[in-house]
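Q: Since chain A is already given, all that's left is putting chain B on it; use the hints.
Taken in sequence, the protein lines are chains A and B. Mapping the first sequence onto our numbering, position 100 (from 1) lands on 100, and the numbers just tick up by one. For our numbering, add 112 to where a residue sits in the second sequence, where the first one is 1.
Treat the hints as calculated values from the structure; they're not laboratory data. Be careful, since some hints might not be right.
Beta-carbon label-pair distances, calculated as ranges [stated by the list, open to error]:
1. B:216 / A:34: 16 to 26 Å
2. A:5 / B:174: 20 to 30 Å
3. A:28 / B:230: 29 to 39 Å
4. A:64 / B:140: 45 to 55 Å
5. A:35 / B:214: 23 to 33 Å
6. A:106 / B:172: 47 to 57 Å
7. B:165 / A:28: 12 to 22 Å
8. B:172 / A:35: 51 to 61 Å
9. A:28 / B:248: 27 to 37 Å
10. A:90 / B:230: 10 to 20 Å
11. A:8 / B:239: 56 to 66 Å
12. A:64 / B:203: 19 to 29 Å
13. A:95 / B:179: 27 to 37 Å
14. A:112 / B:218: 42 to 52 Å
Here are the simulated EDC-like cross-link-like pairs (lysine to aspartate or glutamate), alpha carbons at most 16 Å apart as the crow flies [said to hold, decoys possible]:
15. B:249 / B:146
16. A:99 / B:210
17. A:71 / B:214
18. B:240 / B:192
19. A:96 / B:208
20. B:216 / A:103
21. A:96 / B:214
22. A:86 / A:103
23. A:67 / B:213
24. A:71 / B:213
Remember, it's a predicted structure, so these values are computed and weren't measured experimentally. Just so it is clear, CB atoms sit at the ideal spot from N, CA and C, and this is done for glycine as well.
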Amino acid sequence: MNISEELLADGVTRVVLSGRMDIEGVSQIEAKFAEMSGPPRMKVIVDMSDVPYMSSVGIRALLMTAKSVSKRGGKFAIAGPQANVKSVLVTSGIDKIIKMGNDLASTLPLVA
Amino acid sequence: MAAPHRLNISNLVTEIRRVHTWLEQACKEMAVPEDIFFKFDLTSEEIVTNLISYAFHDKVSHEILLRLIDETDSYTLVIEDDGTPFNPWEFPKHVEPENLDEAKIGGLGIHLMRHHIDKGKYEQRDGKNILTLTVMK
Numbered sequence: 001m002n003i004s005e006e007l008l009a010d011g012v013t014r015v016v017l018s019g020r021m022d023i024e025g026v027s028q029i030e031a032k033f034a035e036m037s038g039p040p041r042m043k044v045i046v047d048m049s050d051v052p053y054m055s056s057v058g059i060r061a062l063l064m065t066a067k068s069v070s071k072r073g074g075k076f077a078i079a080g081p082q083a084n085v086k087s088v089l090v091t092s093g094i095d096k097i098i099k100m101g102n103d104l105a106s107t108l109p110l111v112a
Numbered sequence: 113m114a115a116p117h118r119l120n121i122s123n124l125v126t127e128i129r130r131v132h133t134w135l136e137q138a139c140k141e142m143a144v145p146e147d148i149f150f151k152f153d154l155t156s157e158e159i160v161t162n163l164i165s166y167a168f169h170d171k172v173s174h175e176i177l178l179r180l181i182d183e184t185d186s187y188t189l190v191i192e193d194d195g196t197p198f199n200p201w202e203f204p205k206h207v208e209p210e211n212l213d214e215a216k217i218g219g220l221g222i223h224l225m226r227h228h229i230d231k232g233k234y235e236q237r238d239g240k241n242i243l244t245l246t247v248m249k
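With the rest of the complex left out, here is chain A (with noise of 0.2 Å):
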């Protein structure tokens, strides 16, 4: 997998992830996720448009990223996730408790 980080306007983080996110590919990014999701950032969404594919390894990830975020008072959500990996989300009852859009315009609300 690969990560990347982009700061928006009115202090949104925007952590872009690619690739599968199993196994193999959470071990590849989940320090640089821990980090870029980290302190000091308040506001952060994970735009996940360019994962194909998530197994509850992912859910792990996303469930100790947005805990995080969430303990130290900032905002956390998901942007475009893919059907299957939505498919993924809304079985773990994750949609219940962590925001998301369907892409980034609907999502940058939901971080303000």
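A: Relative to chain A, chain B alone:
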């Protein structure tokens, strides 16, 4: 019915990507629709990861055998191992978290597997665990 596609892996985390590569190839050759391929891709990763993490308690190498079978009205993935017996249908039902603070990290793999297949069977035969996962065409 065409001959099943088979793969043998050992109980190492580094083998998990091989399952995906094999499954992708097997599904292509069997003309398995994309949505059914995804279900097997996900369930095989969850099951094999669990086996490698929890089923073996010695230092010896173990084999895990996977077979994909094209049946008249379904596709079936069979996963066989000689680890600790574990029936995934006896695993407690997943409870959806109320909020982010209460959400537990982990324990989702079995739930995802059970949700994405249509029929499943667990058997113990000759010291082996045999998990049969079926998705209807």
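Q: Hint by hint, note whether the structure agrees.
A: Hints and how they fare:
no. : hint                      : result
1   : B:216 / A:34: 16 to 26 Å  : holds (19 Å)
2   : A:5 / B:174: 20 to 30 Å   : violated (41 Å)
3   : A:28 / B:230: 29 to 39 Å  : holds (33 Å)
4   : A:64 / B:140: 45 to 55 Å  : violated (35 Å)
5   : A:35 / B:214: 23 to 33 Å  : holds (26 Å)
6   : A:106 / B:172: 47 to 57 Å : holds (52 Å)
7   : B:165 / A:28: 12 to 22 Å  : holds (19 Å)
8   : B:172 / A:35: 51 to 61 Å  : violated (38 Å)
9   : A:28 / B:248: 27 to 37 Å  : holds (35 Å)
10  : A:90 / B:230: 10 to 20 Å  : holds (18 Å)
11  : A:8 / B:239: 56 to 66 Å   : holds (57 Å)
12  : A:64 / B:203: 19 to 29 Å  : holds (22 Å)
13  : A:95 / B:179: 27 to 37 Å  : holds (34 Å)
14  : A:112 / B:218: 42 to 52 Å : violated (31 Å)
15  : B:249 / B:146             : holds (11 Å)
16  : A:99 / B:210              : holds (14 Å)
17  : A:71 / B:214              : holds (12 Å)
18  : B:240 / B:192             : holds (7 Å)
19  : A:96 / B:208              : holds (9 Å)
20  : B:216 / A:103             : violated (27 Å)
21  : A:96 / B:214              : holds (12 Å)
22  : A:86 / A:103              : holds (12 Å)
23  : A:67 / B:213              : holds (7 Å)
24  : A:71 / B:213              : holds (8 Å)
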